[in-house]
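With the hints as extra help, turn the sequences into a complete structure.
Protein chains: 2
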Amino acid sequence: MTATDTRTRLVLTAMQLFRDKGYNSTSVADVLHSAGLNSGSLYHFFPGKQDLLLAVLDAYHGGIGPLLLEPAWQGVSDPIERVFALLAAYRRALATSECGYACPIGSLALELHEPDRAVRERLAANFTAWIQAVQDCLEDAGARLPRDINRRELAAFVLTTMEGAVMQARTYRELASFDAAVRQLRDYFQRLQRAAAPRRGRVRKSSSRRKRS
Amino acid sequence: MTATDTRTRLVLTAMQLFRDKGYNSTSVADVLHSAGLNSGSLYHFFPGKQDLLLAVLDAYHGGIGPLLLEPAWQGVSDPIERVFALLAAYRRALATSECGYACPIGSLALELHEPDRAVRERLAANFTAWIQAVQDCLEDAGARLPRDINRRELAAFVLTTMEGAVMQARTYRELASFDAAVRQLRDYFQRLQRAAAPRRGRVRKSSSRRKRS
DNA sequence: GTCTATACCCTGATAGAC
DNA sequence: GTCTATCAGGGTATAGAC
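Each protein sequence line maps, in turn, to chains W and U. Residues in the first sequence are numbered consecutively from 12, following the numbering used here. Residues in the second sequence are numbered consecutively from 12, following the numbering used here.
If you are wondering where the hints come from, they were derived from the structure by calculation, not from laboratory data. Each hint should be verified, as a subset may be incorrect.
Repeated chains share a single entry, so a pair holds when one copy, or any two copies, can fit it.
[To be verified] Listed below are the simulated SDA-like cross-link pairs for lysine to any residue, each with C-alpha atoms no more than 25 Å apart in a straight line: (1) Lys32 with Pro58; (2) Lys32 with Glu185; (3) Lys60 with Tyr183; (4) Lys60 with Val39; (5) Lys60 with Arg184; (6) Lys32 with Ala66; (7) Lys60 with Asn35; (8) Lys60 with Ala46; (9) Lys32 with Ala129; (10) Lys60 with Asn49; (11) Lys32 with Gly73; (12) Lys32 with Lys60; (13) Lys32 with Val130; (14) Lys32 with His124; (15) Lys60 with Leu28; (16) Lys32 with Gly59; (17) Lys32 with Ala135; (18) Lys32 with Leu65; (19) Lys32 with Ala136; (20) Lys60 with Asp41; (21) Lys32 with Asp62; (22) Lys60 with Val130.
Keep in mind the model is a prediction, meaning the values are calculated, not measured.
Quick look at the structure:
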């Protein structure tokens, strides 16, 4: 058990607890107990609880690619379908938690009411990386979306939808709330694609019309 | 100072503090200090802190009409514009708080990770009343929206947008994030209205085309 | 109904042996 | 680097006088 192992264990444990119980409702003792460690270890690596939070936020940021996007995009190459595959990953998280899941970043963003600059910057960085990934998809979609649609704003709107949808599904404890929101977003995308398609052929590229809504 | 005054003062004070600092970060002592009361008064009216929260949630529920919708809809009669006037009210709340504002219901929904049934029901009731108000607008819009669009789902999607947009504006501390989301929703609505309009005359009812984006 | 005083627990964090 | 023991403060809630 090297030093990095202990540090990593603390971060991973805190990640889980902050996600499941929230930051304020997770005590340092909770983290130590779950990690099977003692007070001295934590304060050896971190000056205080908030610094543990910073490490957790950095871990989320680093994990967006390998732990979120890559699994979600397994076998999905169509850029627009990737956007909805990402949303489907959140749906799975809701489904396997009886709708107890909440986006950990979004939850922290609302739970921490006067966060330090360092915390806020990391929350924002997580959102930005998520939005950028979706924006890349939208740019890959090229002419399938109207030229005058701002890709970044639309990508941010996908995040907006995900966060709002997760919030409602969690509150109602019903997957249907999430599905309804995604259905609306899908409808919006379909209208955008229809508007971008050449006037004559209705919806071009039948390969872009697939399963899912 | 009658009994109800004290109780009301407690609820109003708690409303403000829970909104500004969150539930867990607001101590009973905070509430008592801000209300200028002592411990005995609070526990005379409420068995505990959580019961105060229930009263706060009931107050929000009761206030949706007079404190949220009516001010937001002052001088706005067009049902679709009312939807966006409601969003504009949230924009004002963000603007006057340097983007520190967060929807109190949404924040509680994410902050409280294992809420009692009573709490969850009241959170859901608040969302439901909000959605219903928007749904009423959408139904008033009648044929201006496509027939096959589910009014309730679209209304819930407006809530989704508001919550996600407030969350991002708060995280980035930038009104622009909120505006971008509303712009996307507006675009979606315009496409819906265009799809609902008779083929010949482009957008019918020039009275429905007004200021605002 | 409202006050003061206080019980009792859990919090984040520290000290110092090993 | 990790342990045990502990501190000082704040948390919710209660007791009982007025």
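Which holds for lysine 32 with histidine 124 at a C-alpha limit of 25 Å: within a copy, between copies, both or neither? both (17 Å within a copy, 5 Å between copies)
When no copy is specified for lysine 32 and glycine 73, does a C-alpha distance of 25 Å or less occur within a copy, between copies, both, or neither? within (22 Å within a copy, 29 Å between copies)
At 25 Å max between alpha carbons, let me know whether lysine 32 reaches alanine 66 within a copy, between copies, both or neither. both (17 Å within a copy, 23 Å between copies)
Within, between, both or neither: how does the pair lysine 60, valine 130 come out at a Cα-Cα threshold of 25 Å? within (12 Å within a copy, 28 Å between copies)
Taking 25 Å as the upper bound on the Cα-Cα distance, should lysine 32 and proline 58 be classified as within, between, both, or neither? Both: 22 Å inside a copy, 24 Å across copies.
25 Å Cα threshold - placement of asparagine 49 relative to lysine 60: Within. Shortest intra-copy distance 14 Å satisfies the 25 Å Cα cut-off; inter-copy 32 Å does not.
Please sort lysine 32 with alanine 136 into within, between, both or neither, judging by C-alpha distance up to 25 Å. Intra 22 Å, inter 23 Å, cutoff 25 Å: intra and inter.
From the Cα coordinates, with 25 Å as the cut-off, is the pair lysine 60 and alanine 46 best called within, between, both, or neither? Within. Shortest intra-copy distance 15 Å satisfies the 25 Å Cα cut-off; inter-copy 31 Å does not.
Treating 25 Å as the Cα threshold, decide for lysine 32 and valine 130: within, between, both or neither. both (18 Å within a copy, 16 Å between copies)
Within a copy, between copies, both or neither: which one fits lysine 60 and arginine 184 at a CA-CA cutoff of 25 Å? between (31 Å within a copy, 24 Å between copies)
For the identical chains here, do lysine 32 and glycine 59 meet the 25 Å Cα criterion within one copy, between copies, both, or neither? Answer is both: 19 Å inside a copy and 21 Å across each meet the 25 Å cutoff.
Under a CA distance limit of 25 Å, which applies to lysine 60 and leucine 28: within one copy, between copies, both, or neither? both (13 Å within a copy, 24 Å between copies)
Violated hints are absent here; each numbered hint is respected by the structure.
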